[in-house]
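Trainee: Protein chains in written order, with this note's numbering: chain E, 79 to 283; chain Y, 79 to 283.
By construction, these hints were calculated from the structure, which means they are not laboratory data.
Misleading hints may appear alongside valid ones.
Because identical chains share one entry, a pair is satisfied inside a single copy or across any pair of copies.
[Stated by the list, open to error] Only pairs whose alpha carbons sit at most 25 angstroms apart, straight line, appear in this in silico SDA-like list of lysine to any residue:
id	residue 1	residue 2
1	K267	G200
2	K267	N236
3	K83	L226
4	K230	G200
5	K166	H272
6	K267	H235
7	K119	A221
8	K228	S271
9	K107	E207
10	K135	V202
11	K107	T262
12	K141	E95
13	K84	E173
14	K166	A222
15	K267	E207
Number of protein chains: 2
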Amino acid sequence: MSDTKKIGRPRNFDIDEALLAAMNVFWSKGYDGASLKDLTKAMGISGPSMYAAFGDKRELYLKTIDQYADVDGCAPVVAFESEPDIEKAVQGFLEAVIEYSTDHSGGTSGCFLASCVSTNVGEVEGVEERMVNAINETDNRLAARFELEKEKGNLPHNFPSRERARLMFDMRQGYVFRGRAGWTAETLKADISHRVKMIIAAPTE
Amino acid sequence: MSDTKKIGRPRNFDIDEALLAAMNVFWSKGYDGASLKDLTKAMGISGPSMYAAFGDKRELYLKTIDQYADVDGCAPVVAFESEPDIEKAVQGFLEAVIEYSTDHSGGTSGCFLASCVSTNVGEVEGVEERMVNAINETDNRLAARFELEKEKGNLPHNFPSRERARLMFDMRQGYVFRGRAGWTAETLKADISHRVKMIIAAPTE
DNA sequence: TAAGTTATATATCAATCGATATATAATTAT
DNA sequence: ATAATTATATATCGATTGATATATAACTTA
């Protein structure tokens, strides 16, 4: 059998596109607010197809959260990691957060984790673990980049990497909350340069 | 008729206590995740009693949001406004936020607005307006206190009140998100003094 | 004591929910 | 051409949902 030949009826939808459509439904309506009807309609498939490909509603939900963590939630961190100049990197991170939480292609706003997924802590198994992992991974990656800059001599040796990483993340939470409430990217970007300076500033003691 | 005499069968539950119980259910399970059964059980009343006193599920929800905005969500702002020393006021605000989002008496965590209510933006009428109002009112009150301190000469005349108010609020969003994810008050408080200094710092240009 | 008013208890409603059963379809292998 | 395998369409399920109908209860007023 060649790589592409597979016995049985071929699936007639794209798994990744369907998952993305499901994520947008969950992001707009929340886990409990999204019905199977909403999901299957957006995904363009029937119920049994959805169950076969993704499992039950909760398993599908967890898969959308994982996808979000790997793509949307990740993009600002990647922007931060990939820009060589640390000041521009910080700015890139904040701008990327603002961009996706105010003008997401799926018509959603804010952050999927902060605005929807956090509702389910303690109620939907698997959610709290993913939230904790997302926070820790983001904190770690942001701090790691600062540590790298310290090693290169671009930041003072007593620069509090983890503290500033957490500060960046918390600023992110403010942006995505305002984004969910309808604030525009322009308004949110107004004080970015000042915030960048605060994040980058050498410690005062 | 005296002040306390009222014809008809007397209500046998306390409106405010019932509303508080309902808020805790919504805060734990979200609007869609909370059933009438959950609500009436926690409130200790029957369905018709709930409808008579509070209206339908959505109206009850909006009342719990308003109550939250007036009490829990308000407490840190009141702490900030009532402390004469501006530095201690900022610290008091951040500590109060951390306290209620990590150890709420109802067993909930995080912020009701950020963790639950934001899920319903665009889905439950009345929600977005309340979120926008809550953000604006908090920004305004925080900024007003800074303006007052400028007038007293305790802060530089070029102190960016609104910008720092927004910064405080956004730091708040980080704290409540981490609180929802299970972080402890102790961990969250670790870098408060540095953050206070950032908030209070004179502008660098 | 009876009427009027308001509250509560219980039963019930139509609709929707998440998930599965069953039948049919589309492919590859033999 | 048939069997095996996998996917999809449609119908159906038991349970739950938000909300209301009906009966009863608890009060004040006349």
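Trainee: Work down the list of hints and note, for each, if the structure agrees.
Mentor: Results for each hint:
Taking the shortest alpha-carbon separations for K267 and G200, only the inter-copy value of 24 angstroms comes in at or below 25 angstroms, while the best intra-copy value is 34 angstroms. Within a single copy, K267 and N236 get their C-alpha atoms only as close as 29 angstroms, which misses the 25 angstroms cut-off; across copies the closest is 20 angstroms, which meets it. In this assembly of identical chains, the alpha carbons of K83 and L226 never lie at most 25 angstroms apart, being 47 angstroms within a copy and 74 angstroms across copies at closest. Proximity of K230 to G200 under the C-alpha cut-off of 25 angstroms is found in neither arrangement, the shortest distances being 43 angstroms within a copy and 47 angstroms between copies.
When the C-alpha separation of K166 and H272 is checked against a cutoff of 25 angstroms, the pair qualifies both within a copy, at 13 angstroms, and between copies, at 23 angstroms. Taking the closest pair of Cα atoms, K267 and H235 come within 25 angstroms of each other only across two copies (24 angstroms); inside a single copy the shortest separation is 30 angstroms, beyond that limit. For the homomeric pair K119 and A221, neither the shortest alpha-carbon distance inside one copy (41 angstroms) nor that between copies (46 angstroms) is at most 25 angstroms. In this assembly of identical chains, the alpha carbons of K228 and S271 lie at most 25 angstroms apart whether taken from the same copy (21 angstroms) or from different copies (23 angstroms).
For the identical chains of this complex, K107 and E207 are neighbours both inside a copy (21 angstroms) and across copies (17 angstroms), given an alpha-carbon limit of 25 angstroms. In the homo-oligomer, the alpha carbons of K135 and V202 lie at most 25 angstroms apart both inside one protomer (11 angstroms) and across protomers (22 angstroms), since each shortest distance falls under that limit. Taking CA atoms no more than 25 angstroms apart as the test, K107 paired with T262 passes inside one copy only; the shortest distance there is 21 angstroms, against 29 angstroms between copies. In this assembly of identical chains, the alpha carbons of K141 and E95 lie at most 25 angstroms apart only when taken from the same copy (13 angstroms versus 39 angstroms across copies).
In this assembly of identical chains, the alpha carbons of K84 and E173 never lie at most 25 angstroms apart, being 44 angstroms within a copy and 60 angstroms across copies at closest. In the homo-oligomer, the alpha carbons of K166 and A222 lie at most 25 angstroms apart inside one protomer (16 angstroms), although the nearest pairing across protomers, at 32 angstroms, exceeds that limit. In this assembly of identical chains, K267 and E207 lie within 25 angstroms of each other by CA distance solely across copies; the values are 22 angstroms between and 31 angstroms within a copy.
Violated hints, listed in ascending order, are 3, 4, 7 and 13; each of the other numbered hints is respected by the structure.
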